[in-house]
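Going by UniProt numbering, the final residue of the sequence shown carries number 277, and the count climbs one at a time with no gaps.
If you are wondering where the hints come from, they were derived from the structure by calculation, not from laboratory data. Note that the structure is a prediction, hence the values are computed from the model and not measured. Honestly, I wouldn't trust all of these hints.
[As the list claims (entries may be wrong)] Subject to a maximum C-alpha distance of 25 Å in a straight line, what follows is the list of computed PhoX-like cross-link-like pairs (lysine-lysine):
(1) K156 to K145
(2) K148 to K55
(3) K59 to K98
[What the hints assert, rightly or not] Computed spacing ranges between beta-carbons, pair by pair:
(4) R277 to K98: 35 to 45 Å
(5) E184 to D212: 38 to 48 Å
(6) E153 to C16: 48 to 58 Å
(7) K150 to H270: 30 to 40 Å
Glycine included, each C-beta is placed from N, C-alpha and C at the ideal position.
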Amino acid sequence: MKLDVRHGVHPQDFKCYDTDRLRRDFLITDLFVPGEISMVYSHVDRIITGGVCPKKPLKLECGKELGVGYFLERRELGIINVGGTGSVTVDGQTFDLKPLDGLYLGMGQKDVTFSSDDPTNPAHMYFSSAPAHTNYPNCYIDIEKAKKVKMGEPEKANVRTINQYIHPEVCTTCQLMMGLTQLESGNVWNTMPCHTHDRRMEVYFYFDLPEDGLAMHLFGEPSETRHIMVRNEEAVINPSWSIHSAAGTSNYSFIWSMVGENQEFTDMDHIPMEELR
């Protein structure tokens with residue numbers, strides 16, 4: 001198991017970063033290394049972003065960085081499978097996850113193990129974890145159970161469906177929210193017009209991009225935006241003061257994970273287009 005620790009940043013410092021520094025501090029790559037669990041711990045609201053590609057069963061463990069006896073002793077966890085069919089076994093209970101199935105695990109689950117049904121077509125279990133203060137029930141969420149919100153206009157190339165998996169109207173959590181947005185064919189923009197929400201940070205994980213495709217992820221303060229080129233199955237950490245938007249070379253999908261002060265999905269500070277720089 002690999003855990004990479006990233007520190008937060010002040011917006012005044014952020015605007016001085018070059019491309020290499022932006023990629024080193026905010027881009028998350030190599031999430032699905034065969035036979036491994038890869039994780040990035042961000043000091044921005046202490047979110048952990050991870051990926052599991054099990055060839056054989058892999059147990060979720062913790063190190064000194066968490067200072068606890070087991071990973072979910074003081075945390076909750078959300079999982080969405082973007083690979084082959086697999087399963088997650090939690091304290092003896094097994095949840096089968098087909099492609100795009102999701103799972104919420106509450107605080108206090110001691111033994112979490114990831115498996116693939118077929119090692120030649122392994123599961124790609126993407127997960128997010130946030131600090132938690134109490135236990136809520138585990139919840140299996142397939143894409144049909146997720147709350148669906150249609151947004152966008154063809155003229156603006158941003159027609160998309162937001163699938164809200166870990167959301168107050170679907171399952172109860174301490175602070176973690178998580179969902180999957182799918183852009184329709186011919187549409188390339190997500191979250192534009194853009195917004196911030198200083199009450200919550202957010203991680204975007206991009207997938208369904210072709211091998212030669214990319215998404216130009218926009219972040220930073222509205223008056224000091226920066227961009228970073230993101231390939232398939234890569235993620236970007238977005239501080240709470242930052243916008244988070246992207247345009248792709250084709251349509252794509254992305255998973256968003258939020259933690260912070262509230263769980264009001266519509267609590268957004270919208271940015272007028274004329275204010276973007």
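Verification of the hints:
Our distance criterion of 25 Å between C-alpha atoms is broken by K156 and K145, whose separation comes to about 28 Å. Proximity of K148 to K55 is assessed by CA-CA distance (about 33 Å); at most 25 Å being required, the pair is judged violated. For the given pair, K59 sits about 19 Å from K98 by alpha-carbon distance, which is consistent with the 25 Å threshold. For the pair R277 and K98, the beta carbons lie near 43 Å from each other, so the given range of 35 to 45 Å is met.
Our hint of 38 to 48 Å for E184 and D212 is violated, since their Cβ atoms are close to 21 Å apart. Take E153 and C16: their Cβ atoms lie about 36 Å apart, and the range 48 to 58 Å is violated. One distance hint, 30 to 40 Å for the beta-carbon pair K150 and H270, is violated here, with the actual separation near 19 Å.
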